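A.B. asks: Quick note, the sequences are listed as chains A and B, same order.
Here the first sequence is numbered in the numbering used here, starting from 1 and rising by one per residue.
Here the second sequence is numbered in the numbering used here, starting from 1 and rising by one per residue.
Just so you know, these hints were derived from the structure itself, not from any lab.
Misleading hints may appear alongside valid ones.
Unchecked claim - Chain A side only, calculated, beta carbon under 8 angstroms to chain B, not exhaustive: (1) 52; (2) 157; (3) 197.
The structure displayed is predicted, hence computed values, not measured ones.
Where a beta carbon is used, it is the ideal one built from N, C-alpha and C, also for glycine.
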Amino acid sequence: MNPLAPIIATSIVGLVVLVSFDPVSVAVALVCQAIALPWLRLPFRRTWPIVGIVAVSAILGAMGTALYGRPSGESLLNWGPVHVTTGSLDLAVLVALRIVAIALPGALVFAATNLTALADSLTQIARLPSRFVAGALSSLRMMSLLSDDWRTMGYARRARGLAARGPRQFAGQSFALFVRAVRRGSALATTMEARGFGGQNQRSWSRVSVWRTRDWLVVAGGCLIASLVVGISVVTGSWEVVVFG
Amino acid sequence: MSVPVGVEARDWRWQFSGRPQPALHDLSFSIAPGERILLSGPSGCGKSTLLMALAAVLGADQGTETGLLLVNDSAPDAGRRLTGLVMQDPETQVIMERVGDDVAFGCENFAVPRDETWRRVHASLASVGLTGPGLPVTIDTPTAILSGGQKQRLALAGVIAFEPGLLLLDEPTANLDPQGVLDVVVAVSRVVRETGCTLIVVDHNPAPWEQLLTRVIALDSSGGLASESADYPRVNRARVPVTRVPGDVVISTVNLSVGRPGQPAISVPDLTLRAGTITALSGINGSGKSTLSLTLGGLLPPRSGEIIVGAPLRHGLRPRQVPSPHLWPARSLVRRVGSVFQSPENQFVQPTAASEVGLALRVTGVKRHEAAERVQSRLELMGLVDLASAHPFTLSGGQKRRLALVSATVTQPGLVVVDEPTFGQDDDSWSDVVTLLDELARAGSAVVITTHDPDLLAVVDHIVTLSPMVPVA
Numbered sequence: 001m002n003p004l005a006p007i008i009a010t011s012i013v014g015l016v017v018l019v020s021f022d023p024v025s026v027a028v029a030l031v032c033q034a035i036a037l038p039w040l041r042l043p044f045r046r047t048w049p050i051v052g053i054v055a056v057s058a059i060l061g062a063m064g065t066a067l068y069g070r071p072s073g074e075s076l077l078n079w080g081p082v083h084v085t086t087g088s089l090d091l092a093v094l095v096a097l098r099i100v101a102i103a104l105p106g107a108l109v110f111a112a113t114n115l116t117a118l119a120d121s122l123t124q125i126a127r128l129p130s131r132f133v134a135g136a137l138s139s140l141r142m143m144s145l146l147s148d149d150w151r152t153m154g155y156a157r158r159a160r161g162l163a164a165r166g167p168r169q170f171a172g173q174s175f176a177l178f179v180r181a182v183r184r185g186s187a188l189a190t191t192m193e194a195r196g197f198g199g200q201n202q203r204s205w206s207r208v209s210v211w212r213t214r215d216w217l218v219v220a221g222g223c224l225i226a227s228l229v230v231g232i233s234v235v236t237g238s239w240e241v242v243v244f245g
Numbered sequence: 001m002s003v004p005v006g007v008e009a010r011d012w013r014w015q016f017s018g019r020p021q022p023a024l025h026d027l028s029f030s031i032a033p034g035e036r037i038l039l040s041g042p043s044g045c046g047k048s049t050l051l052m053a054l055a056a057v058l059g060a061d062q063g064t065e066t067g068l069l070l071v072n073d074s075a076p077d078a079g080r081r082l083t084g085l086v087m088q089d090p091e092t093q094v095i096m097e098r099v100g101d102d103v104a105f106g107c108e109n110f111a112v113p114r115d116e117t118w119r120r121v122h123a124s125l126a127s128v129g130l131t132g133p134g135l136p137v138t139i140d141t142p143t144a145i146l147s148g149g150q151k152q153r154l155a156l157a158g159v160i161a162f163e164p165g166l167l168l169l170d171e172p173t174a175n176l177d178p179q180g181v182l183d184v185v186v187a188v189s190r191v192v193r194e195t196g197c198t199l200i201v202v203d204h205n206p207a208p209w210e211q212l213l214t215r216v217i218a219l220d221s222s223g224g225l226a227s228e229s230a231d232y233p234r235v236n237r238a239r240v241p242v243t244r245v246p247g248d249v250v251i252s253t254v255n256l257s258v259g260r261p262g263q264p265a266i267s268v269p270d271l272t273l274r275a276g277t278i279t280a281l282s283g284i285n286g287s288g289k290s291t292l293s294l295t296l297g298g299l300l301p302p303r304s305g306e307i308i309v310g311a312p313l314r315h316g317l318r319p320r321q322v323p324s325p326h327l328w329p330a331r332s333l334v335r336r337v338g339s340v341f342q343s344p345e346n347q348f349v350q351p352t353a354a355s356e357v358g359l360a361l362r363v364t365g366v367k368r369h370e371a372a373e374r375v376q377s378r379l380e381l382m383g384l385v386d387l388a389s390a391h392p393f394t395l396s397g398g399q400k401r402r403l404a405l406v407s408a409t410v411t412q413p414g415l416v417v418v419d420e421p422t423f424g425q426d427d428d429s430w431s432d433v434v435t436l437l438d439e440l441a442r443a444g445s446a447v448v449i450t451t452h453d454p455d456l457l458a459v460v461d462h463i464v465t466l467s468p469m470v471p472v473a
């Protein structure tokens with residue numbers, strides 16, 4: 001499967017859920033995604049950390065809505081700016097589910113994607129500029145080195161007699177990490193340049209990225225889920241669009 | 001097949017922006033196609049800068065040049081495909097996620113057709129001895145799991161795949177164990193003989209290259225040309241006679257195993273480090289020398305076993321802090337232990353060389369004028385006085401290592417832990433480093449170093465050999 005296909009499919013569903021704002025469409029989206037995702041047979045990795053991060057964001061979003069959301073229905077707690085009502089509680093649950101439906105499938109699919117294959121696909125299928133894509137690819141790979149850098153810097157500061165904790169130390173170390181990332185980035189850029197990257201030459205691709213019928217099917221599946229979400233929601237009469245402002 | 005290219009310099013001069021002196025000046029020399037050159041010169045004389053200029057990766061925004069530098073009779077930029085550069089740090093030379101893709105990267109940039117690219121990928125990897133019958137690495141191996149020596153050979157494969165006529169190697173044996181050094185030298189020799197390309201190598205340990213090289217171009221310490229055909233450099237290191245007197249046990253270990261977070265534990269031999277002695281940890285890459293150094297330095301908690309803190313370090317500690325150095329607060333640690341990491345750049349936290357050296361003195365409350373004197377004398381000892389106000393990151397590899405060493409030991413800590421102290425040093429600075437280690441020991445520190453350097457191993461009191469990877473259940 002072309003790595004771009006599941007990313008496009010989840011983006012389509014995600015967009016529809018983002019626009020909608022009613023319990024039925026979110027519920028339909030969640031059920032369809034739960035059925036469709038395993039069917040993609042992607043090598044899902046780092047599943048639990050991703051679920052954890054999405055869950056925390058969902059809970060935070062829900063708490064904010066419950067405490068400060070538009071009051072409606074019965075009042076349950078009124079304490080200064082905090083006003084919890086049955087309406088704001090309903091809204092909170094909806095917000096949490098929306099966050100899960102929009103963020104979780106995309107994050108899982110992206111984590112399961114081979115970045116090199118995605119870059120090949122972006123340059124050859126989506127025809128994005130190869131300089132931009134190859135640059136983004138190498139910088140993403142560098143991200144994994146940053147956690148090691150952070151740890152080493154912690155050792156360094158401690159070895160030099162600087163306390164390890166506290167906001168000032170954190171700020172100092174963050175800045176040092178930033179400097180280090182820039183230095184690493186420029187060293188990597190030199191390496192890439194020394195191998196002819198960024199020249200005026202035409203570039204060739206050593207790996208072929210192909211788009212097959214099944215990739216169309218995956219995208220079509222995404223469209224199907226999106227239309228189910230809108231269709232069922234409209235038929236049951238609960239369809240609502242998110243209102244900005 | 002690559003066509004060997006020549007190099008010519010005519011009164012060439014390069015000055016980095018913001019530096020008062022040129023990095024390189026009055027360079028006039030010529031290298032015929034197919035020559036194999038050792039570029040030698042003292043630490044910090046501009047060898048790396050010259051290689052970067054030849055590879056056309058010195059940006060016009062980084063400094064100004066005068067005179068002429070020609071690769072194949074034209075300016076380096078036009079001939080980028082003609083030059084292949086392999087640099088010091090294996091970590092910053094890996095571009096892609098998988099071995100095959102990394103080697104293919106250069107070919108792609110020069111629009112080599114797909115089938116030809118993969119033919120060259122396989123040929124280059126076999127040529128540097130990374131893949132082949134019986135070897136564990138394939139084109140699908142993740143680059144992240146390669147050792148330093150393997151990454152260095154991968155970088156070499158990635159460069160020879162686009163068939164440059166001029167190969168530029170900047171200390172390609174950095175931090176490698178003797179086997180790793182040999183592997184890289186063998187790989188380069190094979191490539192150079194197969195392709196006939198021109199070769200310029202910078203290496204402070206030139207001995208393994210001697211068979212291969214045809215001529216030595218020597219730079220002087222100011223970045224000028226010392227000689228266009230110098231004698232092959234003989235390592236001439238003034239060895240310090242070992243007449244040190246062992247004192248109290250500073251630190252010892254029993255059944256210790258060590259490990260970095262998220263990695264398997266490695267068990268290490270029991271150590272007894274006494275005041276007034278230098279102990280060397282030896283062993284191949286991956287045997288746990290650096291991890292043990294971090295653990296002794298109080299930066300990693302031991303995985304199991306015991307670190308016993310001796311009387312010289314106990315003074316002034318609270319009883320509950322005594323069991324292991326990793327429990328000590330940073331300020332107590334810096335009084336007692338001086339650690340120097342394998343990559344010195346990782347430990348710089350100050351904007352100038354002088355403030356870097358003075359940091360530990362400020363943290364421990366040494367009076368200002370006394371601190372200034374001590375900083376000055378240390379910088380003098382390491383030949384870094386002229387660079388006192390330079391940013392540590394702008395120093396050369398060898399200078400960074402000497403700066404890291406004096407900054408970590410300026411408080412005369414009871415335990416000194418140094419990872420690879422002599423790497424990247426010329427004969428003079430080698431002696432400076434060894435003299436400092438000897439002085440520290442004589443003044444009562446227990447010094448423990450990791451090293452592959454046979455000359456350094458000859459002047460220590462004890463050698464402890466770590467065996468490779470004994471995982472602890």
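A.B. asks: Taking the hints in turn, state whether each one holds.
C.D. replies: Here is what the structure says about each hint:
1. 52: violated (18 angstroms)
2. 157: Residue 157(A) check passes; min Cβ-Cβ to chain B is 6 angstroms, inside 8 angstroms.
3. 197: Hint holds; residue 197(A) Cβ to chain B Cβ min 5 angstroms, cut 8 angstroms.
The structure fails hint 1 only (numbered hints given earlier).
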